[in-house]
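Protein chains in written order, with numbering that gives the first Met the number 0: chain A, 0 to 345; chain B, 0 to 345; chain C, 0 to 345.
Take the hints with a grain of salt, since some may be wrong.
For identical chains, the list gives no copy identity; a pair is met inside one copy or between any two copies.
Straight-line distance between alpha carbons at most 20 Å, and here's what the computed EDC-like set of lysine to aspartate or glutamate pairs gives [claimed, not checked]:
1. K94 x D323
2. K226 x D157
3. K1 x E290
4. K1 x D293
5. K112 x D149
6. K164 x D293
7. K226 x E210
8. K1 x E199
9. K1 x D184
10. K164 x D230
11. K164 x E290
12. K164 x D336
13. K112 x E151
These aren't lab readings, by the way, just hints derived from the structure by calculation.
Spelled out from the first residue to the last, the chains are:
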Amino acid sequence: MKTNPGRFFEDFALGETIRHATPRTVTAADAALYTALYGSRFAVQSSDAFAQDLGYPRSPLDDLLVFHVVFGKTVPDISLNAVANLGYADGRFLKPVYPGETLSAVSEVIGLKESSNRQTGVVYVRSTGYDAGGEPVLRYCRWVLVRKRDPEAPAPGDHVPDLLKIVPPADLGAACPPIGAYDRDLAGSPHLWGDYAVGERIDHVDGMTVEEAEHQIATRLYQNTAKVHFDAHAAASTRFGRRLVYGGHVISLAHALSFNGLANAFHIAAINAGRHVAPLFAGDTVYAWSEVLDRAEIPGRGDVGALRLRTVATKNQPGAGFPDRTADGYDPAVILDLDYWALMVR
Amino acid sequence: MKTNPGRFFEDFALGETIRHATPRTVTAADAALYTALYGSRFAVQSSDAFAQDLGYPRSPLDDLLVFHVVFGKTVPDISLNAVANLGYADGRFLKPVYPGETLSAVSEVIGLKESSNRQTGVVYVRSTGYDAGGEPVLRYCRWVLVRKRDPEAPAPGDHVPDLLKIVPPADLGAACPPIGAYDRDLAGSPHLWGDYAVGERIDHVDGMTVEEAEHQIATRLYQNTAKVHFDAHAAASTRFGRRLVYGGHVISLAHALSFNGLANAFHIAAINAGRHVAPLFAGDTVYAWSEVLDRAEIPGRGDVGALRLRTVATKNQPGAGFPDRTADGYDPAVILDLDYWALMVR
Amino acid sequence: MKTNPGRFFEDFALGETIRHATPRTVTAADAALYTALYGSRFAVQSSDAFAQDLGYPRSPLDDLLVFHVVFGKTVPDISLNAVANLGYADGRFLKPVYPGETLSAVSEVIGLKESSNRQTGVVYVRSTGYDAGGEPVLRYCRWVLVRKRDPEAPAPGDHVPDLLKIVPPADLGAACPPIGAYDRDLAGSPHLWGDYAVGERIDHVDGMTVEEAEHQIATRLYQNTAKVHFDAHAAASTRFGRRLVYGGHVISLAHALSFNGLANAFHIAAINAGRHVAPLFAGDTVYAWSEVLDRAEIPGRGDVGALRLRTVATKNQPGAGFPDRTADGYDPAVILDLDYWALMVR
Numbered sequence: 000m001k002t003n004p005g006r007f008f009e010d011f012a013l014g015e016t017i018r019h020a021t022p023r024t025v026t027a028a029d030a031a032l033y034t035a036l037y038g039s040r041f042a043v044q045s046s047d048a049f050a051q052d053l054g055y056p057r058s059p060l061d062d063l064l065v066f067h068v069v070f071g072k073t074v075p076d077i078s079l080n081a082v083a084n085l086g087y088a089d090g091r092f093l094k095p096v097y098p099g100e101t102l103s104a105v106s107e108v109i110g111l112k113e114s115s116n117r118q119t120g121v122v123y124v125r126s127t128g129y130d131a132g133g134e135p136v137l138r139y140c141r142w143v144l145v146r147k148r149d150p151e152a153p154a155p156g157d158h159v160p161d162l163l164k165i166v167p168p169a170d171l172g173a174a175c176p177p178i179g180a181y182d183r184d185l186a187g188s189p190h191l192w193g194d195y196a197v198g199e200r201i202d203h204v205d206g207m208t209v210e211e212a213e214h215q216i217a218t219r220l221y222q223n224t225a226k227v228h229f230d231a232h233a234a235a236s237t238r239f240g241r242r243l244v245y246g247g248h249v250i251s252l253a254h255a256l257s258f259n260g261l262a263n264a265f266h267i268a269a270i271n272a273g274r275h276v277a278p279l280f281a282g283d284t285v286y287a288w289s290e291v292l293d294r295a296e297i298p299g300r301g302d303v304g305a306l307r308l309r310t311v312a313t314k315n316q317p318g319a320g321f322p323d324r325t326a327d328g329y330d331p332a333v334i335l336d337l338d339y340w341a342l343m344v345r
Numbered sequence: 000m001k002t003n004p005g006r007f008f009e010d011f012a013l014g015e016t017i018r019h020a021t022p023r024t025v026t027a028a029d030a031a032l033y034t035a036l037y038g039s040r041f042a043v044q045s046s047d048a049f050a051q052d053l054g055y056p057r058s059p060l061d062d063l064l065v066f067h068v069v070f071g072k073t074v075p076d077i078s079l080n081a082v083a084n085l086g087y088a089d090g091r092f093l094k095p096v097y098p099g100e101t102l103s104a105v106s107e108v109i110g111l112k113e114s115s116n117r118q119t120g121v122v123y124v125r126s127t128g129y130d131a132g133g134e135p136v137l138r139y140c141r142w143v144l145v146r147k148r149d150p151e152a153p154a155p156g157d158h159v160p161d162l163l164k165i166v167p168p169a170d171l172g173a174a175c176p177p178i179g180a181y182d183r184d185l186a187g188s189p190h191l192w193g194d195y196a197v198g199e200r201i202d203h204v205d206g207m208t209v210e211e212a213e214h215q216i217a218t219r220l221y222q223n224t225a226k227v228h229f230d231a232h233a234a235a236s237t238r239f240g241r242r243l244v245y246g247g248h249v250i251s252l253a254h255a256l257s258f259n260g261l262a263n264a265f266h267i268a269a270i271n272a273g274r275h276v277a278p279l280f281a282g283d284t285v286y287a288w289s290e291v292l293d294r295a296e297i298p299g300r301g302d303v304g305a306l307r308l309r310t311v312a313t314k315n316q317p318g319a320g321f322p323d324r325t326a327d328g329y330d331p332a333v334i335l336d337l338d339y340w341a342l343m344v345r
Numbered sequence: 000m001k002t003n004p005g006r007f008f009e010d011f012a013l014g015e016t017i018r019h020a021t022p023r024t025v026t027a028a029d030a031a032l033y034t035a036l037y038g039s040r041f042a043v044q045s046s047d048a049f050a051q052d053l054g055y056p057r058s059p060l061d062d063l064l065v066f067h068v069v070f071g072k073t074v075p076d077i078s079l080n081a082v083a084n085l086g087y088a089d090g091r092f093l094k095p096v097y098p099g100e101t102l103s104a105v106s107e108v109i110g111l112k113e114s115s116n117r118q119t120g121v122v123y124v125r126s127t128g129y130d131a132g133g134e135p136v137l138r139y140c141r142w143v144l145v146r147k148r149d150p151e152a153p154a155p156g157d158h159v160p161d162l163l164k165i166v167p168p169a170d171l172g173a174a175c176p177p178i179g180a181y182d183r184d185l186a187g188s189p190h191l192w193g194d195y196a197v198g199e200r201i202d203h204v205d206g207m208t209v210e211e212a213e214h215q216i217a218t219r220l221y222q223n224t225a226k227v228h229f230d231a232h233a234a235a236s237t238r239f240g241r242r243l244v245y246g247g248h249v250i251s252l253a254h255a256l257s258f259n260g261l262a263n264a265f266h267i268a269a270i271n272a273g274r275h276v277a278p279l280f281a282g283d284t285v286y287a288w289s290e291v292l293d294r295a296e297i298p299g300r301g302d303v304g305a306l307r308l309r310t311v312a313t314k315n316q317p318g319a320g321f322p323d324r325t326a327d328g329y330d331p332a333v334i335l336d337l338d339y340w341a342l343m344v345r
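Please model the entire structure based on the sequences and the hints provided.
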């Protein structure tokens with residue numbers, strides 16, 4: 000068999016290391032496409048001159064672009080037969096990535112838990128993106144519900160890993176150089192780290208309607224091959240009846256929208272937790288709101304501080320009313336619940 | 000309030016200078032995306048080798064790409080609460096912009112005129128795009144009708160500026176190096192400056208249908224945040240019931256179509272006047288025709304001459320019949336009426 | 000007449016050489032857009048580091064991207080008045096093309112055959128793409144059915160060229176450097192040249208639905224101006240009633256899909272024959288399957304071998320059943336039948 004059938008639950012082994020295919024040189028073109036797909040306006044990632052004033056050698060690539068490229072490589076080996084992408088934890092951006100860098104990815108299987116009906120099982124992986132020099136640039140955990148090829152096959156392991164709930168503030172500065180001059184006019188907001196209060200909620204106001212061509216172009220840019228995003232003919236006979244938008248596309252849309260209210264949150268340092276609450280389809284309009292969960296100093300860093308943010312994305316309902324978790328789940332408008340650390344100048 | 004509510008008419012002050020956010024490094028990727036979005040075929044902007052034969056160090060970015068990037072920066076400060084973009088005047092391309100340059104923008108409020116109903120007012124600005132070295136690369140005036148937050152608020156000024164109607168020919172060569180070898184086969188047309196006659200009209204023949212994904216990708220590339228272009232959910236309850244295509248997208252489409260008839264008009268030197276006559280929506284097909292309004296020598300330049308062109312864009316009606324102004328307005332097919340100076344080799 | 004009406008059958012002359020307009024500098028941005036439009040995952044074209052390990056100075060541009068850019072230039076002169084693009088033969092990729100190269104194109108008229116009804120004629124051209132140094136990078140033959148302006152006009156020639164059916168293996172290594180280290184994990188498949196058997200058929204499994212915005216963006220990127228791809232208003236009154244997808248878009252989709260089963264076929268060395276069997280429209284889903292027609296050693300090359308492949312693309316029907324030629328034509332699902340040589344590491 001020359002084609003890749005993807006792994007089923009019983010094909011994984013605890014502790015196994017998987018080297019993923021198709022290393023990718025990311026360039027200024029990926030950055031431009033990222034801007035064109037999401038309309039992101041953070042100045043550090045947009046202007047070499049602005050980034051240099053801060054202390055970067057040039058504009059780093061958007062953190063989420065790096066995330067999507069690394070994530071995309073893991074799909075053929077990890078989640079081709081996934082029923083659902085269940086969650087993320089302990090995501091760390093370890094090093095800025097600049098245009099011209101070549102990224103590759105490796106995953107380690109850190110947990111396996113068969114479902115009680117024996118049809119599926121949860122696979123936990125820790126995936127790491129490396130640069131051409133072999134240095135890690137991003138590391139994160141995710142867990143997915145994967146089909147079994149044969150329900151009678153024995154479970155390949157039975158271990159639920161103990162994942163970190165919140166990345167500690169001391170680890171948040173790794174990918175951020177010492178920050179020099181910061182021009183708030185050019186950055187787009189006067190509000191710095193000290194201006195945000197724990198508990199504060201911000202409606203990001205703007206909405207963005209997603210087209211099939213847009214999410215397909217984005218998801219192919221990341222070389223993510225999950226067929227649910229691309230094949231309308233096959234999707235017609237699924238329960239949704241249509242193509243699903245890649246969950247990472249929603250994360251990037253919500254983050255781009257969050258500029259309006261968080262313009263100075265110039266770097267995502269860590270992802271604490273993330274959940275795709277409901278699917279997004281083309282034609283839907285995405286809105287977002289955020290809550291400040293925590294505010295932390297970073298040891299040894301007087302230049303920047305960290306905000307722990309929860310950004311909630313919704314579809315076809317503006318963020319003004321802060322649609323949220325409910326007693327028995329979520330407001331039906333909610334599609335994403337993301338808990339992350341962002342850095343801001345103090 | 001952490002989010003940007005945009006300025007209302009009473010928030011502007013005559014003579015005020017506004018530094019806009021998000022400087023942007025433009026690269027060869029923006030040029031490639033511009034080609035992919037409009038299909039522009041002008042050889043100078045397409046080929047480094049061709050540009051070098053003319054006397055450029057490499058291909059400059061398309062003049063309109065520079066315009067859109069600068070324009071996009073002004074939107075959050077000038078026209079977020081605009082009812083209509085009324086016009087352009089005295090636009091000058093002052094310096095070629097090459098890939099790698101970082102653009103930023105500043106606007107000066109040069110006029111304010113409250114409407115008689117006191118609900119809105121016209122804001123006149125002169126916006127300037129700068130390169131990383133602080134040199135101006137583009138300067139233009141535009142005026143927009145902006146809502147008042149409070150109709151009872153006093154008008155912040157009462158001055159209608161006297162704007163130049165036509166940029167003088169002596170000012171048109173600033174962004175054009177002395178032109179050397181020019182290969183008309185590679186450029187795509189044998190017709191040079193001397194072959195065009197004042198009064199001549201050219202139907203540009205071809206049509207281009209616009210998709211939602213296309214204008215959204217373009218408008219985000221320019222980091223233009225005007226919500227009317229992106230939010231189908233909110234647009235459903237407006238008088239149009241749908242997203243509007245950014246007017247600059249129409250200008251670029253019309254200019255790309257004008258290659259067929261004006262292939263040697265390799266540089267837009269100035270915009271004398273421009274008006275978005277009617278809105279464009281996705282699904283519409285854009286056509287264009289042009290009229291030669293004037294032909295001018297540029298003092299001291301034996302290599303190039305200027306054509307003053309009027310390019311009219313229409314929707315869903317080919318340019319063959321030259322749909323135009325009528326006794327009481329415009330033919331309903333007309334969407335753009337643009338008066339500009341283009342340079343051609345003599 | 001300032002606009003290009005395109006050539007009609009009687010405007011061509013046997014032996015005539017046509018220099019095409021708009022040279023084009025292709026960059027890493029074109030490569031990124033190509034990835035975003037097709038989702039191609041071949042490691043050599045995706046990663047500079049991987050390409051360097053093999054022996055390339057950096058990632059070459061995808062062979063088909065080079066093909067489309069060269070092809071696009073020929074359209075305004077050769078096929079603007081074409082009724083149909085009938086076929087390709089003797090296509091040779093002669094030299095790798097790297098980002099930064101400027102491509103131009105020249106065609107020679109090698110055959111002319113008037114149709115019996117005298118309304119049209121077949122034009123045979125050999126088109127060559129050149130780099131900035133004047134070296135040929137690609138050469139191929141194609142023939143198109145072109146309208147006559149005047150059915151009464153005498154035929155401009157009467158010669159059907161004898162075209163090569165299969166490019167000989169000795170000519171296939173021109174654009175491939177001596178191959179060094181090849182990492183099959185990173186390349187995405189363990190199967191090398193020796194693992195494929197003549198007669199073997201591979202269903203490439205995945206499907207890709209095409210959107211109007213996608214094929215328009217691609218076709219404009221190639222500066223291909225054929226109006227059938229862009230003008231929905233005019234298309235409404237044609238027999239199809241809608242825009243046609245550029246045939247080369249189908250070739251690229253099929254090739255990208257073929258990664259799943261042919262991941263190590265890293266270079267298209269030659270196109271023996273190609274036929275667009277049926278049109279593709281936006282909304283259709285493309286699938287592909289391939290057959291190994293031959294396996295050849297390349298004289299003097301112990302590092303790589305050639306596979307002669309036939310890749311068949313279908314619409315709205317997966318490749319599992321291998322929809323194919325039938326007694327009286329083709330299965331109605333088939334849209335492309337392409338016969339080419341690809342190189343693989345031995």
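### Message
Hint compliance check: list the failing hint numbers for this structure, sorted ascending.
### Response
1, 2 and 10
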